[in-house]
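Protein chains: 2
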Amino acid sequence: MLLRRHHHHRLFRLRLLLLHHHHHQFQSFSTLTIPLSHPTYIIWSSNTSLGKTLVSTGLSSSFLLSPSSSSKKFLYLKPLQTGFPSDSDSRFLFQKLSSLSLSRNLPLFSSHSVLLSSLPAAKSFKPNEFSLNESREMCELGFYEEKKVLEAGRVAPELVSETIYAWEGALSPHFAAEREGGAVEDSELVKRLETRLKEGLLEGGVERGKLDGFCVVETAGGVASPGPSGTLQCDLYRPLRFPGVLVGDGRLGGISGTISAYESLKLRGYDVVAIVIEDHGLINEIPLKSYLRSRVPVFVLPPIPQDPSNDLMEWFDESCNVFNSLKDIMLEAYLERMRRLNEMPRKAGDVFWWPFTQHKLVPPSTVTVIDSRCGENFSVYKVQNKEYITQQFDACASWWTQGPDATLQTELARDMGYAAARFGHVMFPENVYEPALECAELLLDGVGKGWATRVYFSDNGSTAIEIALKMAFRKFSSDHGILPELLKNNPTESCTELMVLALKGSYHGDTLGAMEAQAPSYTGRGLFLDPPTVFMHNGKWTVSLPEVFHSATLKPEDTTFRSRDEIFLKSRDESNLAGLYSLYVSQQLSQYSTLSETNKQIGALIMEPIIQGAGGMHMVDPLFQRMLVNECRHCRIPVIFDEVFTGFWRLGVESAAELLGCVPDIACFGKLMTGGIIPLAATMATDAIFDSFTGDSKLKALLHGHSYSAHAMGCTAAAKSIKWFKDPNTNLNITSEKSQKMMLRELWDAELVQQFSSHPSISRVVTLGTLFALELQADESDAGYASLYARSLVQMLREDGIYTRPLGNVIYVMCGPCTSPKMCTLQLLKLYTKLEEFTLVKTKMNII
Amino acid sequence: MLLRRHHHHRLFRLRLLLLHHHHHQFQSFSTLTIPLSHPTYIIWSSNTSLGKTLVSTGLSSSFLLSPSSSSKKFLYLKPLQTGFPSDSDSRFLFQKLSSLSLSRNLPLFSSHSVLLSSLPAAKSFKPNEFSLNESREMCELGFYEEKKVLEAGRVAPELVSETIYAWEGALSPHFAAEREGGAVEDSELVKRLETRLKEGLLEGGVERGKLDGFCVVETAGGVASPGPSGTLQCDLYRPLRFPGVLVGDGRLGGISGTISAYESLKLRGYDVVAIVIEDHGLINEIPLKSYLRSRVPVFVLPPIPQDPSNDLMEWFDESCNVFNSLKDIMLEAYLERMRRLNEMPRKAGDVFWWPFTQHKLVPPSTVTVIDSRCGENFSVYKVQNKEYITQQFDACASWWTQGPDATLQTELARDMGYAAARFGHVMFPENVYEPALECAELLLDGVGKGWATRVYFSDNGSTAIEIALKMAFRKFSSDHGILPELLKNNPTESCTELMVLALKGSYHGDTLGAMEAQAPSYTGRGLFLDPPTVFMHNGKWTVSLPEVFHSATLKPEDTTFRSRDEIFLKSRDESNLAGLYSLYVSQQLSQYSTLSETNKQIGALIMEPIIQGAGGMHMVDPLFQRMLVNECRHCRIPVIFDEVFTGFWRLGVESAAELLGCVPDIACFGKLMTGGIIPLAATMATDAIFDSFTGDSKLKALLHGHSYSAHAMGCTAAAKSIKWFKDPNTNLNITSEKSQKMMLRELWDAELVQQFSSHPSISRVVTLGTLFALELQADESDAGYASLYARSLVQMLREDGIYTRPLGNVIYVMCGPCTSPKMCTLQLLKLYTKLEEFTLVKTKMNII
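First to last, the sequence lines map onto chains A and B. Under my numbering, the first residue of the first sequence is numbered 1, with each subsequent residue one higher. Under my numbering, the first residue of the second sequence is numbered 1, with each subsequent residue one higher.
Because the hints were derived from the structure by calculation, they are not lab data. Be aware that one or more of the hints could be misleading.
Note: identical chains are not told apart, hence a pair may lie in one copy or across any two.
Lysine to aspartate or glutamate pairs mimicking EDC-like chemistry, simulated, CA-CA at most 20 Å apart [stated by the list, open to error]:
no.	residue 1	residue 2
1	K700	D479
2	K844	D779
3	K830	E438
4	K822	E178
5	K360	D696
6	K842	E430
7	K360	E185
As the structure is a prediction and not an experimental result, all values here were calculated from the model.
If we strip away everything but chain A, and leave its shape as in the complex, we get (with noise of 0.2 Å):
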């Protein structure tokens, strides 16, 4: 009963918190979803005036204005009309259509709205009804207007018509927004957008498969021009994604013009079904066709009448099959496009071997579908009744990797092109080129300051770790003077063992060489220590200790902090735990000493620093790896830090060495190194190691390398980002109060933290920079990496629009060194909403 009347008191807490945060704070990072039981386009122009209204028209026209339209539904949203009132594309689409439902004799029932409009433009508009008082906001205009052309006996075919914003200056929306007031923040745009678009066609009826509803949305001005906020349309409308059919330019010089417009949309991920341009003579459809390799389709319609008082009927007439014949191109790719997201999850499960899965407990239903991404959210395509398309926040920062928001991921784009078009791939061995001169160069500037003098790329994580092994042993070897395996001439002759000297928990990758240095290893040839490990439990941060180091002499205050700072105090080397730790390292190192009597030597100190990822998210105690370090110069052993996962601001640094307060001899970096885009990796050393490696002959060079070492694209997207990330003005998390040092300021909710450790489901709680991880209080049945226990709270939470993917019972949720607080704190919100309805199943679970 106590226990009830506490779960009841947390529940009351956590609505109230999200009452609190979502009416303020959150709308503008709620769920997007958007249906797909019907097409829904949205019309581009390369320029202003060329057209795009004509085009919604006759698509409208051709798709209501047929004997067999009887029961089909048009969408036209206008989300942006400058020059308004005198200006409304919304307005002469509905007066066009009622007029050619007359002239051709056909049923329609159409309405007109205008939502909202500035306070100049509303006054113009209603000049009765608008005051002049000095409002900044939009106004809710909530102009309405109905036709209807009926017949006896027959459905009328329904056209919707809507403008959302209206200005009243004939400008580009962002300076008319400036000048009228009506700012209008982009999110609040996407998700009015959203809600008109679900409003004004789903609930009107519209059934799945009948192909009976359209929708166009159609843009302002050219593809790149700013809307109300600044951002460009190609970027503020990303979230959605529609198809395209972009309005060309047929006058001299609209090839190049039409040619842009085309390649800043698929800059941006969008597709393009159909180019129209007007006819003016100069066949301009031929090298449009010719250069997009008939991929695009090119209608040309008949050129328009100038003269202002033509009203046009004929053009639509004589346009008639051109706009049929666009029309079903837009209807095919729908089709198309549907059958291939339903086809999807089957012929994944059919052709794919997925790493670290087993296929056999994947069917089809459990596959996600991820249409694109944006930023943070993946884009999910579902079947639920109805086919639709919704966002899930990425909680696994695609495995670690994802660095991007929505303005670095375009930015990416852009120069992952460049990259290509200005390098295509460039072989590196004695050349310089300059994304991977720039790259090296802000490597050594940024996490290798202070320490390395060399970097060495290869392509992932596991392959920068083989790197940095042989670098290791070839420099113990040369400092022992000895000779190891790698260099041997036949495997039977005799020679020093070298092993090496790593961390129970620890992944290092899964290549051989990369995996002999992680438990259990394949030929034996590792030390595994096992390392104290550091989390927060009942709002308290504390260290848990393998047995060999509980000591009567430890105090309290040497295993538990009053804040996570603490942890990482260089005063604690000076603590009874740090000597205890130093006894236990050099103890378990004498036993390979070069004075023993086994072949066997230690060569190589290999662990990531601070936080062990895929061994489930475990921050070892900073103090232990600092030792650990220490002992092993004295020995004259290399350091390797392992940062492919732990490095770039992951842990709210640019380098975990900088958390532990010492530095390697060699560190391999690698995921979020390109922004988390693209494979690459690095392996930085000291100049003693690459001395190591230098003589007269080729053979004492490291004789190791990849094709694509050093690609172009890689390094320039490693230059963009560890730029983007520590750069104050990209980087809104980019803080330097506290110290020197620059890191994340604090991303997620201190409070709500402390109430996941205080959770009775949950066993242990570690946040630190991009990374908020908890593990699941399970019995031993349910533990371990294979196990399945979380399984239906990891379904729950993607049905919330989190994805996620467990560690065996851990689940965690790792942001972009970018990502806001807020958005942040609304993934904590859901899961421990998640969490509550686990909870609640598991107990009447276990009581049945």
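Since the structure of chain A is already known, use the hints to place chain B on it.
Same frame as chain A, but now just chain B:
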């Protein structure tokens, strides 16, 4: 004497060949060299009529018309002029600058010329000189005029204003050329532009480092307006990759066009140092600057007077400061670029750790500075008296990955931008997204057709091999009921040690697991057979047999071939040699049969089909490999084909297995799979292999993976390239003449190859698909991987425009699957010439 005469005879024949080829076929491939001793900029525009020529004029006046300009020279080139003679931008600039010099009372020597035009334009311009014959060629117009505004005792600065090609119609150049005749090949245009640049300024006495020369190339229309051949100008000028200034659009809608044009330039690898727009009162510069994050300065010109009678003298005076600042930015960007290019070799040597490289042997002077690549060619920065950029054919095919010609490179660049923008990175396990699925389907329908059913993605060849070994060992273990070492729980547990069967001279990557499969194996877990090889010598293809196969039963026709095709004939399976091969292999295998007493067993066969790449471009007798596969099948040993090097048309067919005439159980692909621009690898397997990992526990799955598995950009590049290479519409080398199978036409001139194979300095030649390789005859001491014997030849080749990197004494030229036979022949001719020089030098040295 006889030798000498023979030598002369060879040289004579070669010269004939060169002569014959050169003038008729190879002009378009001749090496471009671009002076960098002074700035050269290209003036782009987002549309027609935005004021490119006004900007050129303003720049020339800023550069030439100042008191300190006395010895300066400005070259203005208009490669394409339409609407001629009524429109002539070079004449406009010539006249305006003369007027400005008069009005500002500053001396100037200016000249104006128009070189070539279509016949209608020529007739219009000089009605008396050009007759009415129906020439479709461009006419030598040869028009020249000059003006002098001199000042006593002072050297006048000099303006050279030139139009290269002119057409009469005020149309896009492609349309004008079609109507009026005067088609101009892209390569001809670029070559002529290069020549004018060099002659117009360099030879004019501009001194290095004095900044007394400046050159501007003004495009026609927008950035993507077609040139005379129909190729877009941004593609047409790409081999020159001049930095640019973009004249944007200050009108309503102009922000969009300007940004899109900028992006089209970036998507082709161009640098843009400034944007210039005309003031239309819309402050377009603010969103432009904001979007470009101040990376590119935006200049605003005062409104241009619309009155045609206005001589613009006042406007130029008003714009003076803007043009001065623009010119300064252009000069600064030039100086900064030169500074960087000059410091690169030293910096590279200081911070890089190149793979496979003994740094001590690489002084800065031998480092190649690669400014960019376009198709098959590097653009390399050099200083020899003057600074310049010159082309080198990348005969290393960027280390065996390179596939795209210039067209595919641009296509891939756009696709890379699209993939990054649409997906960024998306984690793979249990997910599906379009590029990964499409790529897997194409792989299974192509290189995996008929045998593979699963695709396992990784990042490079090494990791693909490690995965293949894990697959093979599991399959072997489950087939033979043994516990493989990789699955054991602790190293002391007794179990069977699985070994690989591989060929001497093989290379499968540098990670430790991959290294185990090549001799010398570092743990000795390999059985390495010495394979028979095939090569051409003295015009004949011959098998070279290891001693073990020497036998009296062999007939001459068993070991020599009338053609290369004969080597691959299935009918050889009936030969005596086939029997010898089989017997040998089965004897070797029997040592490790399951019945033997040792705890070692052969768990996998791994080999590079047909060509051992890194081992020295050795062609292994396909008959031997086929027999090897047969015997392994017999013993139920899984067969792995390492097609990382051989796959995707490297050897003239999509998969080298096609040449071998048998299929593997597992195959690895990488390098060319993505077209050679981004790392991605695939391990493909049969259902039987996959099934050995299927079960109820996750622990039975293949627990190997990399964060970037099946990354979207890599899969997108692979899908595009796989389709592109095998489509006869995009790859003109594709032919299916001889058989049903698609293959590349012969790229290496048969007569030349014969000649190489008979050269006294050459011990063997191998050609197949995109590969031409030769081994230099060398003493024992000069042989092997670390040999420096070929160094001087390599140096000579690099100076002649071929970038090679030898494998010891093996020199190879490798092209892409789309490279034209002409381009290949040109490289062979150059190689032959340099080989003669090299031989002469070596011979002389030996005599001395």
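Quick rundown of the hints versus the structure:
Taking identical chains as interchangeable, the C-alpha atoms of K700 and D479 lie at most 20 Å apart only when both belong to the same chain, with a minimum of 15 Å there against 42 Å between chains. In this assembly of identical chains, the alpha carbons of K844 and D779 lie at most 20 Å apart only when taken from the same copy (16 Å versus 83 Å across copies). For the identical chains of this complex, K830 and E438 are neighbours neither inside a copy (41 Å) nor across copies (35 Å), given an alpha-carbon limit of 20 Å. When the C-alpha separation of K822 and E178 is checked against a cutoff of 20 Å, the pair qualifies neither within a copy, at 27 Å, nor between copies, at 60 Å.
In this homomeric assembly, K360 and D696 come within 20 Å of each other (Cα to Cα) only across copies, at 7 Å, whereas the closest approach inside a single copy is 55 Å. In this assembly of identical chains, K842 and E430 lie within 20 Å of each other by CA distance neither inside one copy nor across copies; the values are 61 Å within and 25 Å between. Neither within a single protomer nor between protomers do K360 and E185 lie at most 20 Å apart by alpha-carbon distance, with minima of 46 Å and 58 Å respectively.
Checked against the numbered hints listed earlier, the structure breaks hints 3, 4, 6 and 7; every other hint is satisfied.
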